[in-house]
Amino acid sequence: MKSTYLGWLLLAVGSIGMMACGGAPAYGPRGMSGAQSYKSASSPAYGGGYDQPSSAARGEASAPSDEARPGLGTGWGETRYSQTTSTSFQREDYNHPFTVASLWYNDEEGANQMARVSDYRSYDRSSYPVYGGMISVSLRDDNGRPYPSFYAGGRTYAIGEPGARYVIHVQNNSGFRFECVASVDGLDVIDGETASYSKRGYVIAPYSSLEIEGFRRSDEAVAAFRFSSVRGSYSARSGQGDRNVGVIGIALFQERGQVPRWSEDEIYRRRSADPFPQRYAQPPSN
1 MKSTYLGWLL LAVGSIGMMA CGGAPAYGPR GMSGAQSYKS ASSPAYGGGY DQPSSAARGE
61 ASAPSDEARP GLGTGWGETR YSQTTSTSFQ REDYNHPFTV ASLWYNDEEG ANQMARVSDY
121 RSYDRSSYPV YGGMISVSLR DDNGRPYPSF YAGGRTYAIG EPGARYVIHV QNNSGFRFEC
181 VASVDGLDVI DGETASYSKR GYVIAPYSSL EIEGFRRSDE AVAAFRFSSV RGSYSARSGQ
241 GDRNVGVIGI ALFQERGQVP RWSEDEIYRR RSADPFPQRY AQPPSN
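Quick note on my numbering: the sequence shown kicks off at 1 and runs consecutively.
These are calculated hints, taken from the structure and not from any lab test.
Beta carbons are placed, not taken as given, at the ideal position from N, Cα and C, and that holds for glycine.
Among the clues, some could well be false.
As the list claims (entries may be wrong) - Listed next, the in silico EDC-like pairs over lysine to aspartate or glutamate satisfying Cα-Cα at most 16 Å (straight line):
no. : residue 1 : residue 2
1   : Lys199    : Asp93
2   : Lys39     : Asp274
3   : Lys39     : Glu220
4   : Lys39     : Glu211
Said to hold, decoys possible - What follows is a list of derived Cβ distance ranges for each label pair:
no. : residue 1 : residue 2 : range
5   : Asp93     : Arg155    : 18 to 28 Å
6   : Asp141    : Val247    : 17 to 27 Å
7   : Gln90     : Asn143    : 17 to 27 Å
8   : Asp141    : Arg270    : 26 to 36 Å
Can you make the complete structure from the sequences, with help from the hints?
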């Protein structure tokens, strides 16, 4: 039964060579190859960059076909160094994450259209708080700055530009380790296939952050996330369709025996606390 829950996970290593989960036990051997520990994403059949054939990224005039969808997708970008190592992680519940976050993205025109048809609330939301702020998620540019975003219709939307690179930044503000299974356009960021909760993910150490820079090609490299046209997205060009283009998913699993103290009930009680529960004076009881 133990083998059902105990698996090798990928632990992200930043570009400066520091492990995001420094000090965690049970690291796998550094010589472990990607093929042994996980299946990496396959490059799209066209064999090119994120959207090189697309005129949209180059600003050229071109009449799109009737089937072309407007807005942004995520393309298969340039290869970037992003080393990983392995660690063991036993999920509290293998099939059910304790919380799931979704972050939508589009270009400015598409975002404005979504705001018009949704219950627009606020603009310039730099990050998306998850589970009462225990975790926060944002899309960041080459300089580490969050992309502009807004909240509408119960969803957070980030606004990008064709050809720009982005990184999924996940901040752990708690004292617990979590497993993060991430998807882009409905595809798992590690193996590039249809995303599901059964896939294994990255481990985030307590009070640290994780930066997912692209679709994983090996244990030392990723294909960068680049905003592209829908037609030029990795999802569309790899033959998996564009039905789920425009959304990023983060599923978080808690470690067995390490249940966060901040339950949904406790978060609700905190948020609904009333500083002045009694509006008027009450007569004495006797």
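Enumerated hints in conflict with the structure, sorted upward: 2, 4, 7
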